[in-house]
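Asks: For the protein sequence lines, the chains are E, P and G, in the order given. Heads up: the first sequence is residues 6 to 316, going by the working numbering. Heads up: the second sequence is residues 5 to 258, going by the working numbering. Heads up: the third sequence is residues 1365 to 1660, going by the working numbering.
Hints are computed from structural coordinates only; laboratory data are not their basis. None of the values given here were measured: they were computed from a predicted structure. There may be inaccurate statements among the hints.
Restricting the straight-line Cα-Cα distance to at most 25 angstroms, the calculated cross-link-like pairs of lysine-lysine (DSS-like) are [said to hold, decoys possible]:
hint: 1; chain 1: P; residue 1: Lys59; chain 2: P; residue 2: Lys22
hint: 2; chain 1: P; residue 1: Lys244; chain 2: P; residue 2: Lys192
hint: 3; chain 1: G; residue 1: Lys1581; chain 2: P; residue 2: Lys22
hint: 4; chain 1: G; residue 1: Lys1544; chain 2: G; residue 2: Lys1394
hint: 5; chain 1: P; residue 1: Lys59; chain 2: G; residue 2: Lys1647
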Amino acid sequence: MGRWVGPAGLLVAVAIPFVDASPYTLNVLTTAAIFVMLAAGLNIVVGYCGLLDLGYVAFMAVGAYTSGILSTAFELPLLYTIPAVLVVAVLAALVIGAPTLRLRSDYLAIVTLGFGEIIRITATNLDFTGGPTGIFGIPGIDVGGPAGFYFVCVAVVALAVLGSARLERSRLGRAWMFIREDEDAAEAMGVNTYRVKLLAYVFGAIWGASAGVLFAAHLSAVSPQSFVFLQSALVLMAVVLGGMGSARGVVVGAVVISVVPEVLRDLGAFRYVFFGVVLVVVMVLRPQGLWPVRRREPERVDAPVQEGVRV
Amino acid sequence: MNALLEVRDLGISFGGVKAVDGLTFSVGRGEIVSVIGPNGAGKTSAFNCVTGFYKPSRGRVVLDGSDITGWSPFAVAAAGVARTFQNLRLFPNLTVLDNVRAGMHLRGGQNAFDALLRTPRFKRAERFLTEEAHRWLDFVGYEGPRGGPVRDLPYGRQRQVEIARALAREAPLVLLDEPGAGLNHGEKGALLGLIRRIRDLGRTVVLIEHDMGLVMEVSERVVVLDHGREIADGTPAQVKADPAVVEAYLGREG
Amino acid sequence: MIQLVWDGLFVGSFYALVALGYSMVYGIIKLLNFAHGDIYMLGAFAGFVVLSGVGGVTAAFSVVALVGALVAAMAVTGGLGVLVERVAYRPLRGSPRLAVLITAVGVSFTLEYGVAAAGANPRVFPVRVESQAWQVLGVRITLAQLALMAIAVGLMIALDRYVNRTSTGRAMRAIALDPKGALLMGVNVNAVISRTFFIGSALAGAAGVMAGAYYGKIEFLMGFLIGLKAFTAAVMGGIGNIRGAMLGGLLLGLLEAFGAHFLGGEWRDVFTFAVLIVFLSVKPTGLLGERVSERV
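With these hints in hand, go ahead and build the complete structure from the sequences.
Replies: Below, the structure is given as C-alpha cells:
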C-alpha cells in the first residue's frame, strides 16, 4: 500500500485545477506546493539530521533574491538563473553551516535564527536588493497561465519530495539519521559528522533556494517581509506536525499548515495562537507527529548469491 | 613485539581529578587483551582517549605505527579502530539492519547522485550492505527480528547488534567496553566464544570487563589499572598472583 | 565617545536583566527558553494594563505608579513563567533536546500571537518617564535613565545575594551541577526549578516594564529581538553563569553602541548576531563560563 501513497497524492494535486481553476484556488494551490517543497527541504535538516534550523527561510530568500536580481538586471529568463541560484545556495549553506555546525544543537538553533534575521536585515539595508521594497517585475515561468505554472510547480515539488525520500534511503541519509539518533556513536563508526551535517545543510539549502525561485516566479516580486521568522516557524511546524523524518507526513503537514490559515482567515492572529498550541501539544503528547515514519524493512530477502560478494 | 596499539604515558584530567595518569601498555596483533581495574580506575577514560572522544592532556596513542593522538573519533575509526560503548549506544529508532549498516559507512560504494538517480551502482552497493549486515548478525549469533527498530529488542540482543555493528567496521582493532555487563550466564558463555571467533578473523580484541571469570577465561593478557595507571601487565595467572593487584582490589590489609 | 559608553551601559542593563533569566534557566535545566523574550514583552503589556487601570497618572505621581506597575508585572510574568514550565517544559524533561526546543518555539508563538489576538498591539505606554537631563563630562544623562539603571542594578544585586546566600540559591546551584545528586540529597527539584522560572521571568517582566516606560511604545513582537540579544549576552558571559549574564549584557550594550555608531544604526542587529556567532565559534563557554566536557 505504501508505495501508492505518493502517486495518489500527486494525482490529487494534478486533478484539483480540473475541478476548480479560479485564480484564488490556483493561488492557494501554488503557494501550498511551494510550501511543501520548503517543508521537504527543512525535513532533510531537522527530520533526518536532527539539526534545528530556525532560520530556514533564509535559504528561500537567497534563492528568490538571486533569481530575481539576475533576471531583472540582465533581463534573463528565470530558468537561466537556476545554475547561479544553486551555486549561491550551496555557498550560503557553507557560510552559515561552517561556523555553526560544530556547536551544540541548542546553540545551533538560535544561531540559525540569528542568521535568518541577518539575511533579512541585509536584504532590507542593501541597494541592489531593492531595500525594504524589494524587487519587482520578475519574469514568471510562462507556460499557459497560472494553471500551467501550477503544474510546473507540482512537477518540481514532486521531484523534490521524491529526491528527499531517496536520499533518506541511502548511505548519506542513513548517516544523517545516525547523527540524529546518537552523534557519538555515529562518530565511532567513522561518520565525519561535521561534513555530513554540512551536507544536510547544503541539500536543505538547494531545496529551499529552488522553492525561492518558484516563489519569485509566482509573485513576480520579492521583498524582505516575506522572509520573517514567522515563515521559518511555519515551515518548522509543517515538518513537526507531519512527523519529523517522514517524507509523506511532511507533505501532509505542509498542505495543512498552508491551507488552514486560508480556511480560518477570519480568525486573524488566533490562527497562529492555535499553531503555537498545536506545536506544544504535539511535542508533549505525540512527538513523532501525525503521520510518523514506521521504520520497517523486509526481515530477510533470500537473495541469490551474488558473485564476489560473499566473503 | 609487533604491536598494533601502543599507549604511552597517557594522561587526562577532569577538573583537577586525574582520571588517567601516565598509562602505558601495548597490544600485539591478534591478541585478546583485557583491561581491568576497580571502579574509577580510568578504564573507560583511557578507551575514550584512544578512540578520540577525549583529547589526552599528555602521552601518545600509536596505532599500527602511526600516531593517532588527539585525532577526531571518526578519523580514529577510519584509521582502523572499532568500538562498543559501556552503556549501549545504538541508534534506537533505526532498524537492526540499519544499525549494522552504520558499521559499513566508510565502505562507500555510492554517492548522493547515485542515490537520487537510483543507479545500478547504488542498487549494487545497497544489496551488498544488506547482505553484509545479515552476515555479521549471523556471525554474532543474533536470532531475532532484523527489520524493526532496535529499541524494541531485549538488552542481550541489543548487545549483540552493537558488536555486529563494530565488526562490520572491519577494523583490525576492536575495543569492547564491558561487553558482558547485564548479560546472563548463558549469554556470557556465548560471548566468550564470540570473542575468540572475532580474534580468529584476524582481529585484535581489547576489552574492559568486570566479570573476572570471563576475563580470566578469555584473555591472553591482562592489564590492570588503578588510579589511572597500569599496576600489572601479564597473563591471567600472573596477574592473579600479583600482590599489587590484590591490594588494589581488596585494599591494604590491616 | 563617553556618551556611547553611557548609552551602551544603559541599554546593556536591560539586556542583562533579560539575559539573567535565560542563563539561570539554562544553567539549571539546560533548556534554551525561546519564549523568554516574550515574557519580557508580556511584562511590558502587564505594566501597561496596570497603569491604564489606575487611570490618568499625573506626572508627579509617575515614579510611584511605575514602581507599582513594575512589581505587579513582575508578579504576573513570574507566575506565567512558572505556568509555562509546568505545562510545556516539565512533561518533556528527559525528552530529546530537539523536542524541547520545538516546544519552546511553540510557547513563544503562543505568547506572541496570544497578545496580538487580544488586540493589544501596538500600544503607547501610559507613563513616559520624561525628565530633566544633566550634562556630566559632556554626556547627556537623564533622570529616567538613572532611575531605571538604579532599579536594574538593584534587582541584579538582590538576585546575586539570593543565589549566593540563601538555601534556595544553594539548591539551584546544586541542581545545576548535578540534578540527580541534588534529588538524592533531598532537594525538591521541581520546586527549585519553578522558583528559578519565577525569578527569571519576573526579571524579564521588570525589564519589559522599564523598556515600555523608557521607549514609550510596546508591541507583541518586541520580545523577539531582545530575546536573541539576551541570549547573546548570556553566551558572552558564559551561559549558566549569573554574574556572567550581567557582564555579558553590559558588554553587549557597549559593543552595540559602538557598532551602531561606526557601521550605522541599520546594521546594529546584524552586528549583534555577528558577535554572537563569533563568540560561539571562538569561545562558546563565554568569558566567565567553565569548560564542561559533555562527551560520552
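Asks: All the hints need checking, so say for each whether the structure fits it.
Replies: Evaluation of the provided hints:
Distance restraint check for Lys59 (chain P) and Lys22 (chain P): the Cα-Cα separation of roughly 13 angstroms lies within the 25 angstroms cut-off, and the hinted pair is therefore satisfied. For the suggested pair Lys244 (chain P) and Lys192 (chain P), the alpha carbons sit about 21 angstroms apart, so the restraint of at most 25 angstroms is met. As the CA atoms of Lys1581 (chain G) and Lys22 (chain P) are separated by approximately 56 angstroms, the hinted pair breaks the 25 angstroms bound. About 14 angstroms separates the Cα atoms of Lys1544 (chain G) and Lys1394 (chain G), which keeps this hinted pair within 25 angstroms; it holds.
Of the pairs offered as hints, the one joining Lys59 (chain P) and Lys1647 (chain G) holds, with about 18 angstroms between alpha carbons and a cut-off of 25 angstroms not exceeded.
Checked against the numbered hints given earlier, the structure breaks only hint 3 and satisfies all the rest.
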